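Asks: Reading the sequence shown from the start, the letters are residues 30 to 641 in my numbering.
Calculated from the structure, these hints are not laboratory results. All clues given are correct.
Heads up, simulated BS3-like pairs for lysine-lysine below, C-alpha to C-alpha not over 25 Å straight-line:
hint : residue 1 : residue 2
1    : Lys72     : Lys242
2    : Lys208    : Lys242
3    : Lys209    : Lys72
4    : Lys208    : Lys72
5    : Lys243    : Lys72
6    : Lys146    : Lys109
7    : Lys72     : Lys169
8    : Lys395    : Lys432
9    : Lys191    : Lys209
10   : Lys243    : Lys209
11   : Lys208    : Lys243
12   : Lys208    : Lys191
13   : Lys502    : Lys395
14   : Lys146    : Lys169
15   : Lys115    : Lys72
16   : Lys209    : Lys242
Computed beta-carbon distance windows for the label pairs:
hint : residue 1 : residue 2 : range
17   : Arg384    : Thr226    : 55 to 61 Å
18   : Asn194    : Thr603    : 40 to 46 Å
19   : Phe103    : Asp139    : 20 to 26 Å
20   : Pro445    : Gln134    : 52 to 58 Å
21   : Asp139    : Arg374    : 57 to 63 Å
22   : Arg641    : Lys395    : 40 to 46 Å
23   : Arg384    : Pro542    : 21 to 27 Å
24   : Glu430    : Thr482    : 18 to 24 Å
25   : Thr281    : His541    : 46 to 52 Å
26   : Arg282    : Asp219    : 27 to 33 Å
27   : Gln563    : Ala428    : 46 to 52 Å
28   : Phe103    : Thr603    : 53 to 59 Å
29   : Asn285    : His541    : 55 to 61 Å
Just so it is clear, the structure is predicted and the values come from calculations on it, not from any experiment. Beta carbons: idealized from backbone N, C-alpha and C, even for Gly.
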Amino acid sequence: MVVLFKKMIIYVLVAFVSISTMATSAEATNVRTVRIPIISNGKVLQTDTSPIMVNNRILVPFRAIAQSTGANVFWNANTKQVTVQKNKKVIFLTVQSSTATINDQTVTLDAPPIIYKGRTFVPVRFIAEALDANVQWTGKEVRLSWSTLQTSAGAVYVNETKITNNAMTDGVYTYLPLKKLLTAIDVNVDWIETDETMRIRLSRGQMTITAGKKQLVVDDHEIVAPLAPIRLNDEWYVSASWVMTVFGAQMTRNGNNDLFFSIPRTTFRSPLLPITEAPITVPQHVTTPSMADGRRLLISDNPEVLTAATVPLGQATLALDDVQGSFQAMDHRVFGWHVNNLGTRGTVAMIIDNRSANDIIVTNIKGTYRTSPNSWGHYDVGLPLAEAILRQSLATAQAVEVKAGTSAVIQAFDVPNNQLLGFLYDFTVQQESGIANYRIRTVVTSAAANFSTISPTLAPIDSYATHPRGVWKGTTLEATLPTYTIDGEPVAYSISNGKTDHLLSVANALSHPSETVHNPGHYGLTYRLSLPIQNETGEIKTIRLRFSGRGGAYCGAVKINGVVYLIPPLQPITQSAYIDYTVFSNQDVLSLELMHAGGAALPLGVEVSTVR
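Kindly produce the complete structure, drawing on both the sequences and the hints.
Replies: Following this line, the structure appears as structure tokens:
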């Protein structure tokens, strides 16, 4: 009897185990783990378990999916029920049930939720659609996209063009549709996009943005925006602060909550040269240029970035030209390039300190200045400055009288925070008699101040960003290139002494060596080159001039026989800009005048070849 009872217990235990095993097996019947990524709004969703395939249906780990859309998830172990709350929507799901409720409305699922390896899995399509998302199974991955933005009251205008009747908001920040914004500011814009990146080509440059990343690249220059772009289906949205940081926009709002963005666009009077994806021939050094003038050149470019560290007192002298001597007139040029990162609006000024016993006067003042977000510095600042110089379209200003022992402002520039300032001014300092003794200074202050009270002690040199600073004699280099014979091999030239690779060295400077950083990019100078052409073919021939930077990205302007063209930003080594010129006679001479507009830290290379 005891034996029989034991056998019965064993049979019951075996049956119980079998039933339990059958239940577990039923739960796992036709369940297969699938190693596929889940892409949520352009990003790979990190989960602790992979999706599964059940009866040809994709089920995904529920909590990770729901929370990635911003929903709150609650699990009731007693009722095996999942509750999801997002905005005003409440969803109830029950394990092994093919029905669910959404705001008290019953819906049917194409597959019931199940528990597998301790995780609740739900059909991906239901949960995505229930949470107002789009879902796509590509055969390789599950893609989910949904809007984290809601419609906001108020239309959006860009440069007086309405781009949308309603802005978007995430509850805190305002967002704009990027494609409509780009079209409003540039009719020539185009873009190439993937699910994660967007490469944009504008008339004034190129930029690459990435969904979910604050970092973006403008003409190979990385900047950081306040908020990351949001990729939603076929549209990209960027915050109002993103637009102001990247494009330097000014924003206003009216009583109807409409937003108005003003985005400055550079208008050039000169055509931009086309770009070819080819390097120039290795240039020969033109080692014997001469300086065509005696104008003193003051370069104010270090520290380039003005911060609390580089300008610790909130004001400083940035560059200085100390002039003493017996003369009645001295010509000057001041070239400046500074980024205001002081955290507040600042003022940069050119001032003159008259330390002599005689009155002096600053005459023939003419120049130009530009401000821009640093990301568009080449197009908004560098190229316009170079174009103005070569077109001789500098603005004139009234003469400035400076009494003995006093200081005066020659020009002052208001610079918003996070903006780049570039300026170039020519002027002449005159006095009737006596020994001249004065200082030309560039200064900065972050508050209202009397510029003359700013200490003449120079701001420390930024040794980590060795931009130029100092004083040199001369602003125009002249050289005659060797004669080029039509149908000859391509040949290229560079204004260089072949050793230090530049002429504006510390040794050649008029400023003290401890206060000077060399100027290898020849900032502030123009080149005047003569290129003789010999055509012995007896035919009309075409030559091609190609221009390329020799270190870093390059852009600039070139005047060819009196006509000005712009060289857009070029990638180092791999790109060049070009123009063709027709030679009608046996002999010809090309007159070239060039000015560097930013980027490269080495002189320009110029190549000449015959178009065959």
